[in-house]
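Engineer: Here are the chains, one letter per residue:
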Amino acid sequence: MSKRLPEGGLFIDRNKPIKFEFNGKKLSGFEGDTLASALLSNDQVLVGRSFKYHRPRGIVASGSEEPNALINLGEKEKFEPNQRATTTELFDGLKAASQNHWPSLNFDIGVVNNYLARFLPAGFYYKMFIHPRPFWKYIYEPFIRQSAGLGRAPSQKDHSQYEHFYAFYDLVIVGGGISGLNAALTAAESGLKILIIEQTPEWGGRCLVDFSTIGDETSAEYVSRLVSELKKFHNVTMRSRMMGAGVYDHGYILGYERLNDHLAEEDGPRHRLWRIRAKQIITATGSIERPISFPSNDIPGVMLASAVRDYAVNFGIATGNKIAVYTNNDDAYRTAITLNEVGVEVPIIVDARKSGGGALAERAKALGIRVENGKAISKVFGKKRVEAISICEHKDSGKGNEKIACDCIAMSGGWSPVVHLYSHCGGKLKWDEKMALFKPDSSAKPTSHDGLPFVTAVGSANGFLLIQEVLKDAREGCLEVVEASGGKVKKESFKLIEQEYENSLEAIWIAPQDADIKKRSKIWLDFQNDVKINDVELAAREGFESVEHTKRYTTLGMATDQGKLSNINGLAILSSSLGKEIPKVGTTTFRPPYTPISLGSIGGSARDDLFQPVRKTPMHDWHENNGAYMEPVGQWRRPFCYPQAEETYAKAVEREINQTRSSLGILDASTLGKLLVTGPDAGKFLDMLYTNMMSTLKIGRCRYGLMCSENGFLIDDGVVARIDDQTWLCHTTTGGADSIHAHMEEWLQTEWWDWKVYVTNVTEQYAQIGVVGPNARKLLEKIGGVDVSREALGFMEWKDGNLGKYDARIFRISFSGELSFEIAVPAKQGLAFWGELIEAGKEFQVMPYGTEALHVMRAEKGFIMIGDETDGTVIPQDLNLDWAISKKKDDYLGKRAQERSFMVNPSRWKLVGLETLDGSVLPDGAYATAEGVNSNGQKSTQGRITSSYFSPTLKRGIAMGLVMNGPDRGGEIIEFPKIDGTVIRAKITSPVFYDPDGEKQNV
Amino acid sequence: MLVFKCPYCGIEADETELSPGGEAHLKRFGPGSSDEELEGYLFNRENPKGVHFERWRHVYGCGKWFHAARCTATLEVFGTYSAQTFGPPKEIIDIIKSKRPGWKWRNLG
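Protein sequence lines, in the order shown, are assigned to chains P and D.
Numbers in this note's numbering are just positions in the first sequence, counted from 1, shifted up by 321.
Numbers in this note's numbering are just positions in the second sequence, counted from 1, shifted up by 258.
This is chain P alone, in the form it adopts within the complex (with noise of 0.2 angstroms):
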């Protein structure tokens, strides 16, 4: 039975009760508990099932490296699956539920994979369900996802705030232990700006639960002095509940602050991920204790000593009423000894070694606890909760010949350094035979930019795991730090701590030594995904003789823990399958975060309205106040159509055509892109940019320009009008205002850089309208002002002047086929003159129309759309723009590739129209088939559909396409299958539907 003491607790206040629920069960626990130790003080040791046997777990662990505590926290809009029990903090009313079972926790129907465990080895879905083929889609993996996963997503949006913060330091210490801070304290003087960061609320680690006094002073007197000084300091920032995720490079950090999850209500934001540049870093990460493979080690009830031992001092809690320790190291004596302080009994401590331990094992003697040397436990009684154990010789087979009653076992298999955040960057790492662990490699730490480290492991997580060699390690590490950052500290004599005699650790992969297949097909690895030592012996008999891929191919080390317990075990496992050492195989690689940080942390207030910034016209109001149904255009968001009452999209759009082409139409085109380009050289540079010859553009007039990457291949295009003798305006289309802007500095800054030309982006500066429409010219004479008659300002001319009071320039240029004037008016104004277009094309019934009737309208008169006919992958000859290259220029960007065998091919694919025979739309995007079948046995194709509309004017589909040979082909006949599997027959045409001869437009 696990309870809580009737005193002590280091953590919790038992003058606070709390309230909260468990799988709907009111249970409570004090202030300061986390929620596994408060379900521990209920005696809630089952929390969850395993991943693929469902096998009953317990906790396992105090910390973040807990395998098995993962639990469903919160509701509704605060629901947030997998949260580890061990470093969730209680508050008044937290709702918690186990994950992973069906229909309950105690009772699990999935379980039934427990009993065909022996049918499921390693690998036993990549072996299973590749055969055959179909199934995996329909049968095998909709019934795996049913069953297969942790928690459950959230239903509803988290409304919680998170943020991001950018900092930087000279020196960030991830780790508030006795390391840590007494780095923290070394560098403190120096005047560095320093940041010490602790994952957990408290400061000063495992030190308070390990030792009762440090030098003269209690521990807890001593990590408290130790904060109070180094809160003096106002060049150290210290930060508790806050993780270091990740080391990166050039001294970039992660820090993750858990701001709010310990409180009933929030304030502010939840979490707070802070972007850290760091000069240096120092990892006082401590280590973590590894777990003994034993048969049935996964039994609810066997514990981590050190865990149990952390219950007991900072929660005030009994893990068992009987608790027996099995160790191979010192250590774990400790945990003994804090037991019977506490008036726990300890029945026994089995030590795997035949030479005993050191001070502390006469100390568990002399308390007259039974010690058993060179001993292993052979097998755990029980099925969801540790009722017994049995025990033979550790050079034995597992034939037990003792039992002895107990409910909880503390285990210690040895400590591993966390060496995460020192390997996230390449920091190299050595095995340690003597102790039997990966420790940092001090002469491979990461580099910076400058090629000189800049991560420091020290203390434990340095490799040393006594007390005064801790201090020490944090010291002088610390030392070399200061310097290499500049900073400069006196460098007092060190004062030794003094320590208990410590018989050394003996590495122990299996116990019972020769335990036979039974035995090991019950010894538990990781615990959250089951892989036992006879999966891994399996994936290495089966040639997996990279730790990478047995990872993989078992699982071992791919749960939500991230192997933090599992790696170490598994990998000794492998490396004694495989006859190799350990540091032959190695260790799996360390990536970031250290444990899962929330996606809302990392999304910080990049949501809703400030996911991404939205670019709106200056007209942008009016049309969402007149029922425009919008569209995003890159950031941009452009009215699709104007639907009025209860018309439909399709409706809106045909009305919208249908009123431009027979009266008037107004567009907002303030989205182009346009680009100003000035300069003696600029008409050169045009030259260079455009297909077609810009520099011989006569001042007043336009001209329709490409533009195509050096590759050859269409990226843009638009209409250029020459302003003066040394400016251009380029317009773009709205998606390439930036990207166009950013290839001409390219091509500016890294080539021509000689040349005298600069390039500004204007888009934002004017507000553009179309006015289209056969009474186009009528309404801009009722405003007054310019004369806009044919022969003041002809087709492709443009001038500047005042229309009514709006400061205007005129482009009389058409994208509709329709006599047509883009106006441009300073963006101040846009909404002015919008309105008094409106206001004076009521007697023409004025109409404005929106991006999907332009599309239409330009498609009817076969005007090609960047995006559409263009896929990065076809050329202005594809396109039938050969009109629009110069012939004269002997180059230009994309010339010469342009002249390779494959682009002046006959058989590319060509722009044509087609026209369906039974006049329905053609899908966009679907393929013509051909005769005959391709090397992959599919049908083979001759063209596609790049655009297909409904057309208003034709009342009929058209559709441009490219098709191979196609301009030579007119009248053909060619077959579009869609995807219900019936065809569509439809008329190869030229891309003009409408107005072939130009007349409208040319009035």
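Every clue listed holds true.
Straight line, CA to CA, 25 angstroms or less: simulated DSS-like cross-link-like pairs of lysine-lysine:
#1 D:LYS285 - P:LYS1077
#2 P:LYS552 - P:LYS514
#3 P:LYS749 - D:LYS357
Read the hints as simulated data drawn from the structure, not as lab findings.
Fit chain D to the given chain P structure using the hints.
Structural biologist: Frame of chain P; chain D shown alone:
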């Protein structure tokens, strides 16, 4: 998350302020060049484990293109320099020579 010093505005620019522009010091081949020359110019790139010369743009800063010499294996930065040059300056070559004896990159080293 690299940091480069922009040689124009002098700012130590975080990678989020920069956009990469691929290999540096490519010679443009236009009309009149052979297919092989064009192929080399458009497609053939160095992919060294070690010393490399790259183009970067301080796009969310001063907007200028610049060059960087760095080690692709350790991310050590040997220096940044103007984009308006046909090759790395001597002082950066000297730094690389001292730090990476025996290095080679295209016709350099």
